[in-house]
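All chains should be built: construct the whole structure from the sequences, respecting the hints.
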Amino acid sequence: KAGVTQTPRYLIKTRGQQVTLSCSPISGHRSVSWYQQTPGQGLQFLFEYFSETQRNKGNFPGRFSGRQFSNSRSEMNVSTLELGDSALYLCASSFGGRSTEAFFGQGTRLTVV
Amino acid sequence: AQTVTQSQPEMSVQEAETVTLSCTYDTSENNYYLFWYKQPPSRQMILVIRQEAYKQQNATENRFSVNFQKAAKSFSLKISDSQLGDTAMYFCAFMKHLFQGGSEKLVFGKGTKLTVNP
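From first to last, the protein sequence lines are chains A and B. In terms of our numbering, the first sequence opens at residue 1 and continues consecutively. In terms of our numbering, the second sequence opens at residue 1 and continues consecutively.
These are calculated hints, taken from the structure and not from any lab test. A couple of the hints might just be wrong.
Said to hold, decoys possible - Under the rule of at most 20 Å between Cα atoms (straight-line distance), these lysine to aspartate or glutamate pairs were calculated in the DMTMM-like manner:
#1 B/Lys55 to A/Glu75
#2 A/Lys57 to B/Glu104
#3 B/Lys70 to B/Asp26
#4 A/Lys13 to A/Glu75
#5 B/Lys78 to B/Glu29
#6 B/Lys55 to B/Glu15
#7 B/Lys96 to A/Glu101
#8 B/Lys70 to B/Glu15
#9 B/Lys55 to B/Asp81
What follows is the structure, given as structure tokens:
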């Protein structure tokens with residue numbers, strides 16, 4: 001079956017702009033989580049959505065937001081981009097419930113110039 | 001809050017040899033899961049092995065095994081018969097167990113870059 005698909009793979013944006021990243025989970029998975037990966041901070045949890053509801057949120061400013069649609073696809077939005085937002089953004093999906101195995105996409109590499 | 005520490009930023013091993021990656025964690029939880037993820041240059045995180053804290057038996061997946069010491073809060077990964085394809089970043093991760101179900105966030109260590117040399 002198809003894995004977790006993230007689009008686009010690469011993105012270059014200018015400081016001050018906004019960006020939307022997309023994640024399509026594995027079919028049947030209802031939980032989608034987002035992580036930011038940078039060389040300095042490592043992997044940090046952004047938020048998790050389950051059945052269109054945000055269930056968990058990390059310590060990121062309000063410029064970072066997300067949503068999940070009825071087909072479990074998720075989008076992440078970053079407004080007023082800063083240079084420090086340059087990172088690899090990873091999406092992970094799971095069944096939710098008692099499942100603990102998360103499957104990751106290949107990520108979106110965002111560069112802010 | 002939980003923390004995960006990987007004290008070896010980089011390691012190298014010869015093909016066919018055995019290597020052990022270290023991980024320690026800090027938590028006040030009694031029920032949780034521990035994971036090792038592999039991230040090759042393709043960037044996709046791949047689950048290598050998982051351990052439930054309530055299980056005393058160490059998890060094993062083919063050439064990969066763990067040494068889980070709950071009292072010491074230690075969770076090391078042993079890779080036997082190392083292969084060139086094992087070259088990657090390896091991340092240790094922690095997740096709280098939710099008795100009522102649901103997914104919890106993964107807390108990752110900073111990673112260990114493993115290079116397998118021919």
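Against the 20 Å threshold, does the CA-CA distance of A/Lys13 and A/Glu75 hold or violate the hint? holds, 17 Å
If you draw a straight line from the CA of A/Lys57 to the CA of B/Glu104, is it 20 Å or shorter? holds, 10 Å
Between the alpha carbons of B/Lys55 and A/Glu75, is the straight-line distance 20 Å or under? violated, 37 Å
Would the pair B/Lys70 and B/Glu15 pass a check requiring their Cα atoms to be no farther apart than 20 Å? Violated, at roughly 31 Å.
Between B/Lys55 and B/Glu15, is the straight-line Cα distance small enough, at 20 Å or below? violated, 32 Å
Does B/Glu29 sit within 20 Å of B/Lys78, going by the straight-line distance between their CA atoms? Between B/Lys78 and B/Glu29 the Cα gap is close to 25 Å, so the pair fails against 20 Å, i.e. violated.
Does the structure keep B/Lys55 and B/Asp81 at a Cα separation of 20 Å or less? violated, 26 Å
Does A/Glu101 lie within 20 Å of B/Lys96 when you go C-alpha to C-alpha? holds, 13 Å
Quickly compare the C-alpha distance for B/Lys70 and B/Asp26 to 20 Å and report which way the hint goes. holds, 10 Å
In summary, the numbered hints that this structure violates are 1, 5, 6, 8 and 9.
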